[in-house]
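Using our numbering, read the sequence shown as starting at 1 and increasing by one per residue.
These are calculated hints, taken from the structure and not from any lab test.
Careful: at least some of the hints might be erroneous.
[Unchecked claim] With a cut-off of at most 30 Å between alpha-carbon atoms, the simulated DSSO-like pairs for lysine-lysine come out as follows:
| hint | residue 1 | residue 2 |
| --- | --- | --- |
| 1 | K332 | K346 |
| 2 | K344 | K280 |
| 3 | K211 | K312 |
| 4 | K77 | K332 |
| 5 | K280 | K206 |
| 6 | K280 | K290 |
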Amino acid sequence: MTSLHPKSIALTQSDPTLIPAPLNPNSAPAGSSLRRKISLRLLVTVSFVVPIIAAVGLTSWFSIRNGQKAVNDLSEKLQREASSRVSTHLDAYLNLPHQINQINLDAVELDLLDLQNFNTMGRYFWRQMQVLNIGYISYANPKGEFIGVERLNNEALVSNEVSPATQNRLFVYQTDKQGKRTKLEAKKDYDPRVEAWYADPVKAGKPLWSKVYQWEDKPEVLSISSSYPVYDDRKTLIGVLSIDLILSQINQFLNQFNVSPSARVFIVEKNGSIVANSGKSQPYRVVDGKPQRLMASDSDDELIRATGQHLKDTLGDVQKIQAPQLVNFSFKGEQRFVQITPWKDKWGLDWRIVVVTSESDFMAQINANTRNTIALSGVALLIATLLGILISRWITQPVIRLSRASEAIANGDLGQTVAVNEIGELGILAQSFNQMAHQLQVSFTALAVANQGLEQRVAERTALLQEESQILQQDVNSLLEVVAAVEEGDLTITAEVSPHVTGLVADTFNRLIGRLGEMMAIVFTTARQVSKGTETLKQLSGKVAADAQQQTQALAQVQRLIENVDAVSQEAALQSVAADTAVQQTKSAIAQGQQEILTMTQGIELLQRDTEHIVKRAQTLANYVDSAAQFAKDQKRIAAMTRILAVNASMLSNRASAQQDPEQMAVITREFETISLQVNQLASQTNQSLILLQQRTDQIQTVVSGLNDDVEEISQQVGHFTTGVEQSQQAFDTIQAVSEQVAQIGQRVTQTSQAIVDAAQTTLQSVRQVSAIAAESSDRANITQTQAEQMEELAQTLLQTVEFFRLPAKLPLTSNAVEENRNLL
Numbered sequence: 001m002t003s004l005h006p007k008s009i010a011l012t013q014s015d016p017t018l019i020p021a022p023l024n025p026n027s028a029p030a031g032s033s034l035r036r037k038i039s040l041r042l043l044v045t046v047s048f049v050v051p052i053i054a055a056v057g058l059t060s061w062f063s064i065r066n067g068q069k070a071v072n073d074l075s076e077k078l079q080r081e082a083s084s085r086v087s088t089h090l091d092a093y094l095n096l097p098h099q100i101n102q103i104n105l106d107a108v109e110l111d112l113l114d115l116q117n118f119n120t121m122g123r124y125f126w127r128q129m130q131v132l133n134i135g136y137i138s139y140a141n142p143k144g145e146f147i148g149v150e151r152l153n154n155e156a157l158v159s160n161e162v163s164p165a166t167q168n169r170l171f172v173y174q175t176d177k178q179g180k181r182t183k184l185e186a187k188k189d190y191d192p193r194v195e196a197w198y199a200d201p202v203k204a205g206k207p208l209w210s211k212v213y214q215w216e217d218k219p220e221v222l223s224i225s226s227s228y229p230v231y232d233d234r235k236t237l238i239g240v241l242s243i244d245l246i247l248s249q250i251n252q253f254l255n256q257f258n259v260s261p262s263a264r265v266f267i268v269e270k271n272g273s274i275v276a277n278s279g280k281s282q283p284y285r286v287v288d289g290k291p292q293r294l295m296a297s298d299s300d301d302e303l304i305r306a307t308g309q310h311l312k313d314t315l316g317d318v319q320k321i322q323a324p325q326l327v328n329f330s331f332k333g334e335q336r337f338v339q340i341t342p343w344k345d346k347w348g349l350d351w352r353i354v355v356v357t358s359e360s361d362f363m364a365q366i367n368a369n370t371r372n373t374i375a376l377s378g379v380a381l382l383i384a385t386l387l388g389i390l391i392s393r394w395i396t397q398p399v400i401r402l403s404r405a406s407e408a409i410a411n412g413d414l415g416q417t418v419a420v421n422e423i424g425e426l427g428i429l430a431q432s433f434n435q436m437a438h439q440l441q442v443s444f445t446a447l448a449v450a451n452q453g454l455e456q457r458v459a460e461r462t463a464l465l466q467e468e469s470q471i472l473q474q475d476v477n478s479l480l481e482v483v484a485a486v487e488e489g490d491l492t493i494t495a496e497v498s499p500h501v502t503g504l505v506a507d508t509f510n511r512l513i514g515r516l517g518e519m520m521a522i523v524f525t526t527a528r529q530v531s532k533g534t535e536t537l538k539q540l541s542g543k544v545a546a547d548a549q550q551q552t553q554a555l556a557q558v559q560r561l562i563e564n565v566d567a568v569s570q571e572a573a574l575q576s577v578a579a580d581t582a583v584q585q586t587k588s589a590i591a592q593g594q595q596e597i598l599t600m601t602q603g604i605e606l607l608q609r610d611t612e613h614i615v616k617r618a619q620t621l622a623n624y625v626d627s628a629a630q631f632a633k634d635q636k637r638i639a640a641m642t643r644i645l646a647v648n649a650s651m652l653s654n655r656a657s658a659q660q661d662p663e664q665m666a667v668i669t670r671e672f673e674t675i676s677l678q679v680n681q682l683a684s685q686t687n688q689s690l691i692l693l694q695q696r697t698d699q700i701q702t703v704v705s706g707l708n709d710d711v712e713e714i715s716q717q718v719g720h721f722t723t724g725v726e727q728s729q730q731a732f733d734t735i736q737a738v739s740e741q742v743a744q745i746g747q748r749v750t751q752t753s754q755a756i757v758d759a760a761q762t763t764l765q766s767v768r769q770v771s772a773i774a775a776e777s778s779d780r781a782n783i784t785q786t787q788a789e790q791m792e793e794l795a796q797t798l799l800q801t802v803e804f805f806r807l808p809a810k811l812p813l814t815s816n817a818v819e820e821n822r823n824l825l
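Construct all of the structure, not just a fragment, from the sequences and the given hints.
Take a look at the structure:
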């Protein structure tokens, strides 16, 4: 512990004037107020706790935010995968009917399938249904006749027919394992021509998808048909081939496709009507005993209904969506993620695939992790708070003692000391504080002694400054009198030069007065010279103006003469151009006559051909070519029949691989033999067609050779006639050459006349320029004369102004000279 020096204490007690006053009379109350406002202990505690709170808050916020982002990313990924799988399924499922229709259409065009034999068509359709997973294959014609095979819910196949044999009513037959009709199951009234699958392609005249419709006999079944109209060679409608897909099969696929526990996947048309959906709800509703299709916003499924309504409110018409789009909305207190993906095909379908997932399906584990993070953060916050309180108490106690000692010194008690703390930085602070208190006592004593000496020096300096100020005031008054005399124009006066600082100013002012007098003398002399020069300038300007006026009149006369020459030259040039134009017209007439002769020569050449003989040979050649085209058509028909037979063989192969009944295997074997016999017949037809084609090829070569001989003979005859025409052409060429020479002479005459015109115009332009220059010289002479008069006025004004000054007698120009100049002016 340290203490103050004894001599310093004694000095302070013996001399009351040396007791230091408080730095601020209100320091003690202010310090108490500051201590009440901000506590160091609280500040240290807060410095520990606030970063922990910030870290805990940011950790929790980032945890929740990252969890939400992970949910969004996972949901978006699952929705993309789901939409992709649904699109792939629709591509495969909805492309199959078009392939089947094309095969059946090829079979009809190749006469392999008789559209009048409904019994055979029914069995053919039945065999396709055995192999392919479709709902219905049918055919109808404009008479209202109909044949089709339907797959029931139990996978059984029934044959449906409307024809005169069924009294034009729909007969429904059960079938056996060979596709034969076994039992009449039902009779109904049915007209296929009113169905969308028939009416739409007939109206469009091309293959297309029908609208989604309900069967007339089973309204609860939603279906879509791929229909192909069949026409004959005269483009007359024969009937419509159709493949029906039952949309409930798409429902089954969507229900098997598990995106998440509470997810929904549904497909809608452009108008918002549901095509298929996952879940237990149906895409239709029975109203007054009749099923009606539902919009997505009217679905019995709550989530689908809410999603459809949200899309309708936010996006409006779903047909505007042309690219995959993501939207979010809240339903029953949970966040829902929706992805809408357009799906189209080249036959006219335009649907939207909608995948809806719930945030709660992914948030369970994330919420648990968030709760654990918050609990651990709370424990860390509590521990940090306790540590902060303990450490703050340990740090603030020495600081508080130091603060109290500082207040005592500020109030004048310089004998304060503080104990040195065991904390290194606080110990150094205590030692520094004790040394500072000792230095303050020494400094206050020295300050009192220095203050007394300073007061004495200030008194002496003040007396000296008063004496110098009086002398300076006298010099300034004398200098102001001289300045007043100069302001009145008296340049003969001089200022008194004193030994003080004002003496330098007076000397400088005297030199300025002398310099000003010299400048006034020079101005007088210059003004007199300017006055004399302006008179001479006025005389010269008048003479120049008169000469310019005479020159302008002479140039005007020359300009009129040149304009007359220019007019005559232009008239001559026009006459030359007219002559040249006449020669050019003569040349054009000769060229036109030559062209007519060429045209006549070509007409004669065409008339000399032996057209009849060539036409006969060409007709023979066309017949042979038609035979070759018929062969190509037959080969196309044989190729198509071969393709149909290959498809039938593939279908029989599939059936044989899955068949174990010996009787059925025998039937399949007989069918293979029939296909083999048909293939042999096609091969025989192809061989006979090749022999016939070789014969026709030889005949075509003979005809072509004869045509070549005829063409060579005609070419020789035409060559003789062309020689005579060429001789006539040479005569016309000579005439044309002479005409061209005449035209060249006319062009040279025109060029000469044009040169005369150009020269006259150039001369006229030069004269005009000289005339303009003369006019401009006259104008400038007038301006110069005016300026000379103005200069004379300015010189007089200048002399009158300078007369105000009285100059010293030693200058070269005195006031008498000024009077002389004024008399001259």
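Here's how the hints hold up against the structure:
1. K332 / K346: 40 Å, violated
2. K344 / K280: Given pair K344, K280 holds - Cα atoms ~26 Å apart, limit 30 Å.
3. K211 / K312: Status holds; Cα separation ~22 Å.
4. K77 / K332: 24 Å, holds
5. K280 / K206: Violated, at about 37 Å.
6. K280 / K290: 20 Å, holds
The structure is inconsistent with the numbered hints 1 and 5, although it conforms to all the rest.
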